[in-house]
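Visitor: What follows is each chain in one-letter form.
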Amino acid sequence: MKKHKKAQLKMGENISIMFIFILLIVVGMLFFFKVQTASMKIKQHENTELSAIQVAQKASFLPELRCSSENVPVQNCYDTLKMENIKYAITKEDSYYYDIFKYSTIYVEEVFPGNRTWLIYNSTGNKPSKLSTQIPISMYDPMTSSLGSYYFGILHVGVYS
Amino acid sequence: MKNRRAQMEIMGLLVVIILLAVGMLFTVNYMINKKPSEIKKTYTESQMASNILSSILRTTTPEDTKDQLYCHKVDFTELLQDCALFETIQCSNGQPSCKYAEEQITEMLNNTLAKYNKPYRFKAWRVNGDQLIEIKNLNCDEEHIGEGILAMYTQRQTKLLPIPLNPGTLMVQFDICS
Chain A
1 MKKHKKAQLK
11 MGENISIMFI
21 FILLIVVGML
31 FFFKVQTASM
41 KIKQHENTEL
51 SAIQVAQKAS
61 FLPELRCSSE
71 NVPVQNCYDT
81 LKMENIKYAI
91 TKEDSYYYDI
101 FKYSTIYVEE
111 VFPGNRTWLI
121 YNSTGNKPSK
131 LSTQIPISMY
141 DPMTSSLGSY
151 YFGILHVGVY
161 S
Chain B
1 MKNRRAQMEI
11 MGLLVVIILL
21 AVGMLFTVNY
31 MINKKPSEIK
41 KTYTESQMAS
51 NILSSILRTT
61 TPEDTKDQLY
71 CHKVDFTELL
81 QDCALFETIQ
91 CSNGQPSCKY
101 AEEQITEMLN
111 NTLAKYNKPY
121 RFKAWRVNGD
131 QLIEIKNLNC
141 DEEHIGEGIL
151 AMYTQRQTKL
161 LPIPLNPGTL
171 MVQFDICS
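Chains A and B, in that order, give the protein sequences.
Counting in the working numbering, the first sequence runs from 1 upward without gaps.
Counting in the working numbering, the second sequence runs from 1 upward without gaps.
There's no promise every hint is true.
[What the hints assert, rightly or not] Every beta carbon over 12 Å from chain B, so not counted as near; a handful from chain A, in silico: (1) 11; (2) 34; (3) 84; (4) 141; (5) 152.
[Claimed, not checked] The calculated lysine-lysine pairs, modelled on DSS-like cross-linking and capped at a C-alpha distance of 25 Å, are: (6) A/130 to B/41; (7) A/58 to B/159; (8) A/102 to A/87; (9) B/73 to A/58; (10) A/127 to A/43; (11) A/92 to A/58.
Quick caveat, the hints were computed from the structure, so don't treat them as lab data.
All residues carry an ideal CB built from backbone N, CA and C; glycine is no exception.
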């Protein structure tokens, strides 16, 4: 009888150790998955930011819009005449521009001396969140006089994700 | 005796659990306090600082005298050069080059960086001479950023451009503070 009770006690002890061990493993796994999800979210946010930067870079160096002086491209400058006409190229070659800009909205806002706006590209894809980047640029208007004029503006690039 | 041994075992188990809990707390604390990536912020600010200065200096003022903002179609580089020398250029409402440049640059920055709540400072001065223009927003001043060469060693985005004068040199600096 005594031996039987001792065995039962031993069994109980083993079961409780197993239970605690399994509990610790489950808690550890839950914790690990939580941490993994958090780092995945951070990584995803980083990737979205990187793709926003990529689109902003591509937009600011787009050869179709860049102004040039005697065939030498002027850095950080858009030609107003090219901005007026880019919409025709984008409508005609929409898949080509989608490969470059994906789902984004790109427009140029004149800050000085006027306040005009040029829409360059718009494809929202019904996506809710948007990461916006603003880049100051010069706009060259070749039509004002023999030398043309430079205006000050902001290039707005909004990337949807 | 047996009772004491059982107590010791429970104590051991408790120590293991406490150690695990402390470890988890540290990890959770690290994950919560981990600052989100600032790749985009750094990129935007560095682009802003370098592009804004070159774009402003390249901008041409309107020629038409009917325009409220006219200043004989000179660009802001010429305006600042004139401001640093003899102030011979008279812009709209008889404004001298210094006042016109300061007002228009303030307006441009108010419509861009101030709108996005970015602290900034625009400064123009003659080397070995007086300060000509200083425009700042949201405490972006000496206390928050380094001065002169030191500014390049801080984490602030700084762009410094020398403009030749006859005689001398004009320095134009633009900072974006974080």
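Visitor: Determine for every hint whether it applies to the structure shown.
Guide: Hint by hint, here is what the structure shows:
A cut-off of 12 Å between C-beta atoms confirms that residue 11 of chain A is not in contact with chain B; the least separation is 16 Å. Its closest Cβ contact with chain B, about 8 Å, brings residue 34 of chain A to no more than 12 Å, contrary to its assignment away from the interface. No Cβ of chain B comes within 12 Å of the Cβ of residue 84 of chain A; the nearest lies about 19 Å off, and the non-interface call holds. With a minimum CB-CB distance of about 9 Å to chain B, residue 141 of chain A fails to clear the 12 Å threshold, and the non-interface call is violated.
The beta carbon of residue 152 of chain A sits about 4 Å from the closest Cβ of chain B, which is not more than 12 Å, so the claim that it is off the interface is violated. Between residue 130 of chain A and residue 41 of chain B the CA atoms are separated by roughly 15 Å; this keeps the pair inside 25 Å, and the hint holds. With a CA separation close to 23 Å, the supplied pair residue 58 of chain A and residue 159 of chain B stays within the 25 Å bound. Restraint check for residue 102 of chain A and residue 87 of chain A: satisfied, since their Cα atoms lie roughly 16 Å apart, inside the 25 Å limit.
Among the hinted pairs, residue 73 of chain B with residue 58 of chain A is inconsistent with the structure: their alpha-carbon atoms are about 32 Å apart, more than 25 Å. Among the hinted pairs, residue 127 of chain A with residue 43 of chain A is consistent with the structure: their alpha-carbon atoms are about 20 Å apart, no more than 25 Å. Among the hinted pairs, residue 92 of chain A with residue 58 of chain A is consistent with the structure: their alpha-carbon atoms are about 19 Å apart, no more than 25 Å.
In the structure shown, a violation is registered for the earlier hints numbered 2, 4, 5, 9, in ascending order.
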